[in-house]
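Participant: Residues per chain are reported as follows:
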Amino acid sequence: MLQSSFRQGLLQGVPIFIGYFPAAVAFGLLARNGGLDFFAVLLFSMTNFAGASQFLALNLILSGAALYEIITGVLLVNLRYLLMSASLRPKLRCGFLLRGLAAFGNTDEVFAVASLRGSYLEPRYMAGIEAVAYAGWVSGTVTGYLFGAVLPGPIQAAVGGTLYALFAALLVPEVKREGRNLVVAGLAAAINCIMVYGVGLSIGWSFVVALIAAALFGAFYIPASPEYREAV
Amino acid sequence: MRDNILLIIAGAALATYLPRAIPFLVGFPEKIPGFLRRLLSVMPVAALGALIFPAVLLSFPERPAAGIAGVAAAALVAWLRGGLIIPVLSSILSAYVILSI
Numbered sequence: 001m002l003q004s005s006f007r008q009g010l011l012q013g014v015p016i017f018i019g020y021f022p023a024a025v026a027f028g029l030l031a032r033n034g035g036l037d038f039f040a041v042l043l044f045s046m047t048n049f050a051g052a053s054q055f056l057a058l059n060l061i062l063s064g065a066a067l068y069e070i071i072t073g074v075l076l077v078n079l080r081y082l083l084m085s086a087s088l089r090p091k092l093r094c095g096f097l098l099r100g101l102a103a104f105g106n107t108d109e110v111f112a113v114a115s116l117r118g119s120y121l122e123p124r125y126m127a128g129i130e131a132v133a134y135a136g137w138v139s140g141t142v143t144g145y146l147f148g149a150v151l152p153g154p155i156q157a158a159v160g161g162t163l164y165a166l167f168a169a170l171l172v173p174e175v176k177r178e179g180r181n182l183v184v185a186g187l188a189a190a191i192n193c194i195m196v197y198g199v200g201l202s203i204g205w206s207f208v209v210a211l212i213a214a215a216l217f218g219a220f221y222i223p224a225s226p227e228y229r230e231a232v
Numbered sequence: 233m234r235d236n237i238l239l240i241i242a243g244a245a246l247a248t249y250l251p252r253a254i255p256f257l258v259g260f261p262e263k264i265p266g267f268l269r270r271l272l273s274v275m276p277v278a279a280l281g282a283l284i285f286p287a288v289l290l291s292f293p294e295r296p297a298a299g300i301a302g303v304a305a306a307a308l309v310a311w312l313r314g315g316l317i318i319p320v321l322s323s324i325l326s327a328y329v330i331l332s333i
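Protein chains in written order, with our numbering: chain A, 1 to 232; chain B, 233 to 333.
By construction, these hints were calculated from the structure, which means they are not laboratory data.
Any given hint could be a false lead.
What the simulated footprint calls covered on chain B by chain A, stretch by stretch (three residues with Cβ under 8 angstroms from a Cβ of chain A suffice, anywhere in the stretch; the number is not a length) [claimed, not checked]: (1) 266-272; (2) 278-286; (3) 306-316; (4) 323-329.
Here are the in silico distance ranges between beta carbons for each label pair [stated by the list, open to error]: (5) B:Leu257 <-> A:Tyr221: 30 to 36 angstroms; (6) A:Pro154 <-> B:Leu250: 37 to 43 angstroms; (7) B:Arg295 <-> A:Thr143: 24 to 30 angstroms; (8) B:Ile333 <-> A:Lys176: 27 to 33 angstroms; (9) A:Ala190 <-> B:Leu239: 30 to 36 angstroms; (10) B:Val329 <-> A:Phe39: 31 to 37 angstroms; (11) A:Lys176 <-> B:Val329: 25 to 31 angstroms; (12) A:Ala190 <-> B:Ile317: 28 to 34 angstroms; (13) A:Ser115 <-> B:Leu250: 18 to 24 angstroms; (14) B:Leu325 <-> A:Val150: 16 to 22 angstroms; (15) A:Gly153 <-> B:Pro261: 49 to 55 angstroms; (16) A:Thr143 <-> B:Leu239: 23 to 29 angstroms; (17) A:Thr143 <-> B:Pro261: 38 to 44 angstroms; (18) A:Ile222 <-> B:Leu238: 39 to 45 angstroms.
We put the CB at the ideal spot given by N, CA and C, even for glycine.
Input sequences plus hints: build the corresponding full structure.
Facilitator: Structure follows, in structure tokens:
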């Protein structure tokens with residue numbers, strides 16, 4: 001039984017592996033093209049294990065942002081995990097250390113799959129799913145760094161846009177679920193563009209301003225659809 | 233540069249781990265006050281919008297249209313058939329086509 005929950009975790013991690021791998025390849029390639037050394041890039045993926053915030057941090061590093069701008073941006077992007085972890089917490093029945101370990105791998109996709117599991121989350125199940133997801137992220141990063149450069153120029157450039165495609169593909173189901181989300185995302189994008197092109201704010205701070213302004217406006221001034229309001 | 237990059241990586245790791253771990257370790261009210269829940273629940277969507285623009289235009293400085301085509305293709309395919317892999321591959325393909333014209 002215990003054995004099989006580990007295997008279930010491994011199996012349910014496979015689609016996550018497949019999704020992470022190309023995104024991590026793009027990360028490794030972009031980081032290499034940006035001049036980061038292999039050790040730093042590997043350490044980045046091994047210690048952060050985060051999609052959106054790693055790309056955000058990388059963008060900010062390459063644009064020469066200051067340390068505190070980068071950390072503020074990363075923290076804001078990651079605040080959503082407070083909600084996700086809070087909702088998984090009651091289903092975790094294991095000791096402090098195992099919970100601390102499980103938290104490290106609680107990415108968006110791991111959360112999405114784990115939260116669909118009806119029963120409580122055995123530590124072995126979490127270990128299985130997180131190990132496979134982690135393997136995809138780290139091996140993709142290494143592959144992108146070492147072999148991404150052999151791709152022809154235009155394909156390399158096109159892969160550089162992978163991240164934004166991933167963001168768009170994550171956004172679409174949210175918009176399908178709740179139309180208001182398109183307004184919030186569009187507003188954030190518009191504010192960010194105005195801050196960068198119009199005001200000339202650095203991309204670190206403009207991201208922070210756009211995120212907070214759009215989230216505040218969306219949460220308090222744009223009414224949710226009735227079905228959605230009931231769900232929350 | 234080298235020391236700085238390690239500091240950034242460590243700081244980002246902490247800024248990622250803490251939000252994931254605090255609710256697991258010290259407990260976080262499952263019933264979060266309504267206004268905070270509303271704010272946190274629109275945060276990811278706002279983040280996605282601000283992550284895409286204008287960064288996607290800046291990442292294709294020679295031909296921003298390639299970035300727009302890539303995002304549009306990914307959104308369209310995600311809308312029609314969902315998933316992440318096929319939308320991402322479609323975006324690479326369409327950006328590649330625009331870049332090679």
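Participant: Hint by hint, say whether it matches the structure.
Facilitator: Results of checking the hints against the structure:
1. 266-272: Contact hint for the region 266-272 of chain B vs chain A: holds, 5 residues under 8 angstroms.
2. 278-286: holds (count 9)
3. 306-316: holds (count 8)
4. 323-329: holds (count 5)
5. B:Leu257 <-> A:Tyr221: 30 to 36 angstroms: The hint (30 to 36 angstroms, Cβ to Cβ) holds, given that B:Leu257 and A:Tyr221 are roughly 35 angstroms apart.
6. A:Pro154 <-> B:Leu250: 37 to 43 angstroms: 40 angstroms, holds
7. B:Arg295 <-> A:Thr143: 24 to 30 angstroms: With Cβ atoms ~26 angstroms apart, the hint holds.
8. B:Ile333 <-> A:Lys176: 27 to 33 angstroms: Distance hint for B:Ile333, A:Lys176 holds at roughly 32 angstroms.
9. A:Ala190 <-> B:Leu239: 30 to 36 angstroms: 33 angstroms, holds
10. B:Val329 <-> A:Phe39: 31 to 37 angstroms: 36 angstroms, holds
11. A:Lys176 <-> B:Val329: 25 to 31 angstroms: 27 angstroms, holds
12. A:Ala190 <-> B:Ile317: 28 to 34 angstroms: 29 angstroms, holds
13. A:Ser115 <-> B:Leu250: 18 to 24 angstroms: 20 angstroms, holds
14. B:Leu325 <-> A:Val150: 16 to 22 angstroms: 19 angstroms, holds
15. A:Gly153 <-> B:Pro261: 49 to 55 angstroms: 52 angstroms, holds
16. A:Thr143 <-> B:Leu239: 23 to 29 angstroms: 27 angstroms, holds
17. A:Thr143 <-> B:Pro261: 38 to 44 angstroms: 41 angstroms, holds
18. A:Ile222 <-> B:Leu238: 39 to 45 angstroms: 41 angstroms, holds
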